[in-house]
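Trainee: Build the full structure now, drawing on both the sequences and the hints.
Sequence order for the protein chains is Z and X. Residue 285 is where the first sequence ends in numbering that gives the first Met the number 0, and the numbering goes up by one at each step. Residue 320 is where the second sequence ends in numbering that gives the first Met the number 0, and the numbering goes up by one at each step.
Since the hints were derived computationally from the structure, they do not count as laboratory data. Computed from a prediction, not measured in an experiment: that's the story for all the values here. Treat the hints with caution; some may be incorrect.
[To be verified] Restricting the straight-line Cα-Cα distance to at most 25 angstroms, the calculated cross-link-like pairs of lysine to aspartate or glutamate (DMTMM-like) are:
hint, chain 1, residue 1, chain 2, residue 2
1, X, K136, X, D298
2, X, K186, Z, D60
3, X, K186, Z, E178
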Amino acid sequence: MTAPSSAPAGAASAAPAAPPAEPAPRSRRPPGGDALLGTGGVLAFLLLWEAVPRTSLVSADRLPPASTVLATLAERAATAQFWTAVGDTLTAWGLGLAIAIGAAVLLGFAVGTVPVLRAYTASTVEFLRPIPSVALIPLAILIYGTDIASTLMLVVYAAFWQVYIQVLYGVADIDPVAEQTARAYGLGRWARIRYLMWPTALPYLITGVRLGAAVALILTITAQLTIGSPGLGQEIAVAQSSGAPHVVYALIVATGILGVAVNTGVRALERRVLRWHPSVRGEAAV
Amino acid sequence: MPRRLLAGACAALLAVAASACGGSDTETTEDGLTKITVGAIPIVDVAPLHLGIDQGYFETQGLEVEVKNTSGGAQAVPGAVSGEFDFAFGNVTSLLVARDSGLPVQTVANGVSSTGKDGEDFGAIVVPEGSDIKSPKDLAGAKVAVNNLKNIGDTTVRNSVREDGGDPSNIQFTELPFPDMPAALEKEEVDAAWVVEPFLTTALDEGVTEIASNFVDAHEQLTVAVYFTTEENAKKDPELVEKFVTAMNHSLSYAESNPEEVRRILGTYTEMDEQLIEDIRLPAFPPDSSIESVQAVGDMMKEDGLIKEDPQVDALFPGRP
Chain Z
0 MTAPSSAPAG AASAAPAAPP AEPAPRSRRP PGGDALLGTG GVLAFLLLWE
50 AVPRTSLVSA DRLPPASTVL ATLAERAATA QFWTAVGDTL TAWGLGLAIA
100 IGAAVLLGFA VGTVPVLRAY TASTVEFLRP IPSVALIPLA ILIYGTDIAS
150 TLMLVVYAAF WQVYIQVLYG VADIDPVAEQ TARAYGLGRW ARIRYLMWPT
200 ALPYLITGVR LGAAVALILT ITAQLTIGSP GLGQEIAVAQ SSGAPHVVYA
250 LIVATGILGV AVNTGVRALE RRVLRWHPSV RGEAAV
Chain X
0 MPRRLLAGAC AALLAVAASA CGGSDTETTE DGLTKITVGA IPIVDVAPLH
50 LGIDQGYFET QGLEVEVKNT SGGAQAVPGA VSGEFDFAFG NVTSLLVARD
100 SGLPVQTVAN GVSSTGKDGE DFGAIVVPEG SDIKSPKDLA GAKVAVNNLK
150 NIGDTTVRNS VREDGGDPSN IQFTELPFPD MPAALEKEEV DAAWVVEPFL
200 TTALDEGVTE IASNFVDAHE QLTVAVYFTT EENAKKDPEL VEKFVTAMNH
250 SLSYAESNPE EVRRILGTYT EMDEQLIEDI RLPAFPPDSS IESVQAVGDM
300 MKEDGLIKED PQVDALFPGR P
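Mentor: Structure (structure tokens):
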């Protein structure tokens, strides 16, 4: 089995390149400097956003300045309606992602361990995978109406492939020597899955989950926006048809914050689940 | 295996769907009210529905209404046909197209009508400030924005051009959402646009020129949209339909005679700014549809090729003269 072309991107980027043996850190950034830089970046972006509508570049009626939008968001955050929408969005996202992960893990392990099956399904998977979920919207409405189920169909479809492909790669990445050793020591099928395949595939799976989580959130909002199932996306659609751009942008900022929160959450999960993995241990040492 | 793979994905989806799709069978609440679901786009046009709920007209009829916001007319017909909505709000063009393609929809109550006053209607053809286009006939060959192609917008714009003595055959219609039209006009990305409220007021404030009231040109009392259901629903529970119609007609009369109430309710289900709510032109909400005007629109649609057969106006309005 050849090495997978796409290594888990998260695990690779999380591993710092600097050799830990070096006594003096090469980087001159102070501890916590990344967070500082990150905050600086956000501030610079907000300043730019505040400035642009005040020039003749874009009218403030179309793109309200950051201060107006953030004030609107603060107002919204005090209403129950806003939090219901956030709840609806997170429910659709969480359910969709969970179904996608469950299905992808089961199918990924089943197909990945049987080379014949894998070869047999490869072209079908490559055919289905690039189909944009959004193209399925008319079908989703036809089958499920404008309920949460139609949102779920799109979310599951999009997130499933992200996880499934990673699981396939993970299962394919098993070290043949370790595999033969396990067999030589008489480990049974389930023991090999538990002690060999699962730990090998886990970093890939987590990467898939992280990719899937982001895609699932995008699709949740998109589905609510276009289909009109309840959630932040639908609130954006209502604000759009009411000609209230400051509300539209406030809700867009809210979805952005949700995205950051989701990513932070999955990263925390990654560190917890993979604490034994060199990539995470290396990160912790710095 | 691909089949098994698909089957697996479908099974997972179905498991979720089974719990989410209740079907169209009506439920009863603890207070003895019958629960109904109405699909409606959250714009000015459906103010009477929200106002009627607010005023308790539906409760009096023993109905508890859940309004499901659809994000466009495109969802209304499939939503009603699939049984997700007991009733839905849709424009007459979409419904005539639906009937033409064999979907058994029928009107139960009027929805929204044009004011019938030229230059004071809730929708209009507008052009950028200082445009050479002065009247509809000048639109020949121009790029005109409408929200949906092959719908009520392009049909009535073509009619306005014809009525004005122009040739509508080479107008380039472009699809653009209403919220984006004021910006497109300002940047002169389009030569003209068919805009409805609240974006008409926004665009007029920014200096565009109104050249025609296309709904008024189409008919002096044009019925633009109606509340509808499927023939199956209407047959299954005529009593329920009767109750909905009674409540809806009360709501329409109340909205028609209390414009300040319409403006108040707009503040509850839309995100419109208070000032904008004050400034916009309200449509008319007569309880009766003008069948004659729907026939006129249907004839235009036939002429423009939106429908293949003669418009099924009688089937869309069963039991009406």
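Trainee: For the pair we were handed, X/K186 and Z/E178, check the Cα-Cα distance against 25 angstroms.
Mentor: It is violated: about 66 angstroms lies between the C-alpha atoms, which goes past 25 angstroms.
Trainee: Below or equal to 25 angstroms on CA atoms is what counts here, so check X/K136 against X/D298.
Mentor: 20 angstroms, holds
Trainee: Under the criterion that the straight-line Cα-Cα distance not exceed 25 angstroms, is the pair X/K186, Z/D60 satisfied?
Mentor: 14 angstroms, holds
Of the numbered hints stated above, the single one contradicted by the structure is hint 3.
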